[in-house]
Amino acid sequence: MKEVILITTQTCPFCPLAKKFWEELKKEIDFKLEVIDAFSPEGQELVKKFDIRAVPTTIIDGEVKFVGIPKKEEALEALKE
Amino acid sequence: MEEYDVIICGGGIAGLTAGIYAMRRKMKALLITKDIGGQANLAEKIENYPGFISVAGRDLIQKTYEQVKSFGLEVVFEDVQGFREENGKYIVKTNIAERKTKTVIIAMGKTPRKLRVPGEDKFIGKGVSYCATCDMPLFKDKTVAVIGGGNSALEAALLGSKFAKKVYLVHRRGEFRGFEELVEKVKSKKNVEIVLWAIPKEIKGEEKLDSIVLEKTKRDEEGKIVGTGETFELKVDGIFVEIGFEVDPTPIKDFVKLDERNQVIITSNCETFYPNSDKIRPGVFAAGDITNTPFKQLVIAAGEGCKAALQAYNYIHGTSGPVMVH
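Residue numbers (the working numbering), protein chains in the order written: chain F, 145 to 225; chain X, 592 to 917.
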């Protein structure tokens, strides 16, 4: 099963929508979704590891796939890969 | 093809308000947008919207979106790419589909103005940001440059001073356009270095953003700001572009009349005109920051969204004059 990690910050106005986007998609297609704040210890590790410089950032199966909110088709494509 | 009474293009406060009024008038309505909230999302504090002493932009937008959804408005997240007229109806083309409608409300707002220098596109999302509120906290203990001279740039620099090790605030003039109080606050921050009389020329880096090349500027004999040809380079990890907003004319330029700043020219009733003509384009309305209405304020955009929706209702039902709404 695909593992999707969404990196957000509390100050990012687009992050709640990005979260909603992935949650809605999860109703259509099964994948594991984790939303991680960039400033949690886990988030800080990911920020360093992937050199994240913008949010919302989506990591799928250990690879940064999207910065920003992707189009639904792009997201579905990435989940099918 | 399914036919809508109204397609609202844009999910900022103008489009959302149009959605509320369209739904209350029982119109078959669709809202097409790339995001919800637009520029309002970027405002940390809004203190001039009636009903709120102080509210974060994203909270106001979230509440408005919940209100819109409570009326059952259909919303799709797509990119509007163009319009055309077909047998007295309109087709709205997006990156995904074409949809038919009796009326259109153009409320796509404005988008952040880009620097338009080499290297900018390469590093968008990888160091170049147009949203300091979103991304500045990711530059903890790093060096950033904020470009601009207005309130947004000053606020971004202040925000940067909380997180970054060093902030360069780069402005092409010798004085800032923002509020004096903000300027003073910025000047008081020890980790903010103000770089006046300079414009970005290039953003450099291989894998990572590495530096920004600036050109010194001066006023010419006519008082215009011009480059002197002398350049210098600043090592930075991130660049925050805060040089205002502009209309993207691409989807609308062949559909409605625009002014010299690419804003949609409207009547006091939010009606639009055919391109290069003084003839009103029937059934096509515009609202919010994309229009040539002076004073870009949330409350004005919301008011125009309301007017545009009621005018669309009028147009469909063949009524004229003010509409009574309860």
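Calculated directly from the structure, the hints in this document are not laboratory data. All residues carry an ideal CB built from backbone N, CA and C; glycine is no exception. Each hint should be verified, as a subset may be incorrect.
[Claimed, not checked] Listed next, the stretches of chain X that the computed footprint assigns to chain F, with coverage defined by at least 3 CB atoms under 8 angstroms from CB atoms of chain F:
#	region
1	628-634
2	721-728
3	872-882
Find the hints from earlier in the document that the structure breaks and name them by number, from lowest to highest. 3
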